[in-house]
Amino acid sequence: MAKQRLGRGLNALIPEIPDEVEQGVQEVEITAITPNRNQPRQNFDKEKLEELAQSISQHGIVQPVLLRKVERGYEIVAGERRWRAARMAGMKAIPAVVKELDDRQVMELALIENLQREDLHPLEEAEAYRKLADEFGLTQEEISSAVGKSRPAVANALRLLTLPDPIKKLLFDNLISAGHGRALLPLEEKQQVIVAEKIIKENLSVRDTERIVNEIASGKKPVEKKKEEKQPWVLEMENILGEYLGTKVQIIPGRKKGKLEIEYYSPEDLERILEIIKQ
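Under our numbering, think of the first position of the sequence shown as 91, with each following residue one higher.
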């Protein structure tokens, strides 16, 4: 099934761009190009940039970047990853299409390009929506039309910006998901932090988080999840390792990975355990 195109696309936003854009391609010096100041993406994966730089070194840039003329040189509208990778590859100039665009068109196109890549962080997406609303006066309906998302999806994204900074950091570091973040919204900041720590420690699902939040909001004491009894083989392995190392050992199985906890009671005791492990 063909992937649904986001937003109104280049032709709708910039009708003057011809279908065969190659006719307007020109070589522009990399040093004359500056990044888009309203670029939604704040973080660029270094490893992926290096891979792209290697590909550009071998095959060149297949798709020209889109620029607009500014007072000092050119500003990137779409294609910042290609520009960054080309710099890493040591290129002096890159193919580009230069168009006259206003600030709103630039921001819409930059956002659409990043959404099409599907790895834009939810907070970066939400911040871009906020800028479209605050700086250009767009309604949520107009934003949804511009980027090809439903109005509820835009509204849900914007709600993440009301989270306090400590929770935003956990979300930005991918320790909790956007779904977890939205589930925490009804709570006060102190409660949000406590529940967020619980999410991370106990690997709670969004549904589990919603249940806990609802219990707190209704004044009920959250029901603790019943501690699962360890399987016999886990207890046996704990005993074997404990006897071998001469200390308490805990094996904590998880869904995808587990933890092995080995207790020590002094630096000397830790050295003793390490010597046993080295044998």
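Just so you know, the hints here were simulated from the structure itself, not pulled from any lab data.
Just so you know, not all the hints are guaranteed correct.
Here are the computed distance ranges between Cβ atoms for each label pair [stated by the list, open to error]: (1) Q132 to L331: 40 to 48 Å; (2) K258 to E326: 23 to 31 Å; (3) K182 to T229: 41 to 49 Å; (4) G150 to L331: 55 to 63 Å; (5) Q132 to G332: 42 to 50 Å; (6) G332 to M178: 24 to 32 Å; (7) K280 to T229: 27 to 35 Å; (8) Q321 to I366: 21 to 29 Å; (9) G309 to P256: 33 to 41 Å; (10) Y355 to G180: 54 to 62 Å; (11) L325 to S235: 56 to 64 Å; (12) D298 to P256: 47 to 55 Å.
Given the structure is predicted, the values throughout are model-derived calculations rather than measurements.
Just so it is clear, CB atoms sit at the ideal spot from N, CA and C, and this is done for glycine as well.
For each hint, the structure was consulted:
{"no.": "1", "hint": "Q132 to L331: 40 to 48 Å", "in the structure": "45 Å, holds"}
{"no.": "2", "hint": "K258 to E326: 23 to 31 Å", "in the structure": "44 Å, violated"}
{"no.": "3", "hint": "K182 to T229: 41 to 49 Å", "in the structure": "44 Å, holds"}
{"no.": "4", "hint": "G150 to L331: 55 to 63 Å", "in the structure": "56 Å, holds"}
{"no.": "5", "hint": "Q132 to G332: 42 to 50 Å", "in the structure": "47 Å, holds"}
{"no.": "6", "hint": "G332 to M178: 24 to 32 Å", "in the structure": "51 Å, violated"}
{"no.": "7", "hint": "K280 to T229: 27 to 35 Å", "in the structure": "34 Å, holds"}
{"no.": "8", "hint": "Q321 to I366: 21 to 29 Å", "in the structure": "26 Å, holds"}
{"no.": "9", "hint": "G309 to P256: 33 to 41 Å", "in the structure": "24 Å, violated"}
{"no.": "10", "hint": "Y355 to G180: 54 to 62 Å", "in the structure": "56 Å, holds"}
{"no.": "11", "hint": "L325 to S235: 56 to 64 Å", "in the structure": "59 Å, holds"}
{"no.": "12", "hint": "D298 to P256: 47 to 55 Å", "in the structure": "20 Å, violated"}
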